[in-house]
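**Q** The residues making up each chain are set out below.
2 protein chains.
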Amino acid sequence: MKGALLYEGKAKQVYEAKDAAGRLILSYKNDATAFNGEKKSVFPGKGRLNNEIAAHIFSMLQDKGVKTHFIERLNEIEQLVWQTEIIPLEVVVRNVAAGSITKRLGIEEKTVFEPPIVELFYKDDALGDPLINDEHALLVASITQAELQEIKTKARAINNHLQHIFQAIHIQLVDFKLEFGRLASGSIVLADEVSPDTCRLWDVATFEKLDKDVFRQGTGDLLAVYEEILNRLEEQK
Amino acid sequence: MKGALLYEGKAKQVYEAKDAAGRLILSYKNDATAFNGEKKSVFPGKGRLNNEIAAHIFSMLQDKGVKTHFIERLNEIEQLVWQTEIIPLEVVVRNVAAGSITKRLGIEEKTVFEPPIVELFYKDDALGDPLINDEHALLVASITQAELQEIKTKARAINNHLQHIFQAIHIQLVDFKLEFGRLASGSIVLADEVSPDTCRLWDVATFEKLDKDVFRQGTGDLLAVYEEILNRLEEQK
Ligand SMILES: Nc1ncnc2c1ncn2[C@@H]1O[C@H](COP(=O)(O)OP(=O)(O)O)[C@@H](O)[C@H]1O
Ligand SMILES: Nc1ncnc2c1ncn2[C@@H]1O[C@H](COP(=O)(O)OP(=O)(O)O)[C@@H](O)[C@H]1O
Ligand SMILES: [Mg+2]
Ligand SMILES: [Mg+2]
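Sequence lines, in order, name chains A and B. According to full-length UniProt numbering, the stretch in the first sequence is residues 1 to 237, in order. According to full-length UniProt numbering, the stretch in the second sequence is residues 1 to 237, in order.
Since the hints were derived computationally from the structure, they do not count as laboratory data. Treat the hints loosely; a few may be bogus.
Given that identical chains are not distinguished, each listed pair holds provided it fits within a single copy or across any two copies.
What the hints assert, rightly or not - Taking lysine-lysine and the BS3-like style, the derived pairs with C-alpha atoms no more than 25 angstroms apart in a straight line are:
1. K39 to K103
2. K18 to K152
3. K237 to K209
Please build the complete structure, drawing on both the sequences and the hints.
**A** So this is what it looks like as structure tokens:
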């Protein structure tokens, strides 16, 4: 069922789905990268964990009415999705201060943002995914002002849903990164992945980091932590 | 008439104006700094040039109905202004791509922005004056959403006026930085300075740089270039 390899990113391979026009197969890799690819490692089993976690989360979001690229999980490491034209923006939503925003603005870690902050980064590895403002986004991302507003509104709605999903498994959703894509019809849907690679997740009781920060900061066992997330999601069902 | 020194910045000293409540004396220094203070030099006569250039430009803006802090030029290096509470934003307007935006977004120098781009930087030397988005501005600058929109609208109107002022002396206004301040009444006015330190100015015929870039890039005689701007402004009157 797998056709040509179209693209290989840092975390996933993207294949054509043969006999399934307009669909793609995302194959989750075991690689972990951080700091724009400067730090790299391989964790056998990570691909399966992220594939399963992302499939869980996309299903739950779709149940709540969020339009996404997700169709179905195919096997341990692959999922079938709708092909989109990815909008080259990393849309970051922050509920609590952590990571780059604390350094950039001198804000103390754990400061609560009420309302949550939405940030846009220009998805361009060569430029180091720079922070941009709305006017830059219109310039570099080939979207209209109305589409930009739609993307931010969707990101805030997804944040509300994800906060509930994670609250139910005793996890605080600190921040996360989304990518949106345009379907052949022109409509914009949530694409890419939602996983511990792309979210900051803290245990509500212990503040334990349950995400890629354990790899970025070298402070924990990535596989154990991702397994913990998947287990909590599965118990919940 | 000069009271206590309230503050010394990289380009100006700020004094209380004795017997003139709510007013300040800005004393323009001969120092030039670039790259957030990393490159420094002294140019005897620069203070006079910037004081006179800024006085000219503020007068012309006020004639066009722009509300500013400017009251009058007092002597070669000093001007009297209304005291404001400076809003800690550097508001940059770009008509043409040059400087940081070309590197940040991979945009070719001289690309024309139509409409012009407005950028906000958080005025904080310790943080290196980082680029921020609107949501960050509301967080760090103690302003309302309506005030932020007002500041951007003012910046665009000032851009139109400045473009005409410089066009008349055969100069292309590439980009510039503004600071706004809050008067005791609460209303927001243009403050700080408008000078070749804070604008990118290119001769329309030769593309010669007539601004602080000759110092940043070590490619020309700063005093000669600033003198040229002042002469053209004076001839124009
Ligand atoms: N539904 C989709 N349609 C097209 N491309 C997608 C879709 N979902 C994700 N992608 C893209 O797949 C690529 C591979 O993902 P990933 O390995 O995470 O890449 P990256 O190294 O850019 O983070 C990315 O460019 C991502 O934007
Ligand atoms: N009308 C005003 N009221 C109060 N402060 C002002 C006014 N105009 C300018 N300033 C402030 O004067 C200070 C000195 O200016 P400058 O030497 O350019 O400082 P900087 O090193 O921050 O660029 C700056 O903090 C500037 O914001
Ligand atoms: Mg990715
Ligand atoms: Mg200054």
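**Q** Next step is simple, just say for each hint if it's right about the structure.
**A** Results of checking the hints against the structure:
In this assembly of identical chains, the alpha carbons of K39 and K103 lie at most 25 angstroms apart whether taken from the same copy (20 angstroms) or from different copies (24 angstroms). In this homomeric assembly, K18 and K152 never come within 25 angstroms of each other (Cα to Cα): the closest approach is 33 angstroms inside a single copy and 51 angstroms across copies. Proximity of K237 and K209 under a CA criterion of 25 angstroms is satisfied intra-copy only: 23 angstroms inside one chain copy versus 65 angstroms between copies.
Going through the hint list in order, the structure does not satisfy hint 2, though it satisfies all others.
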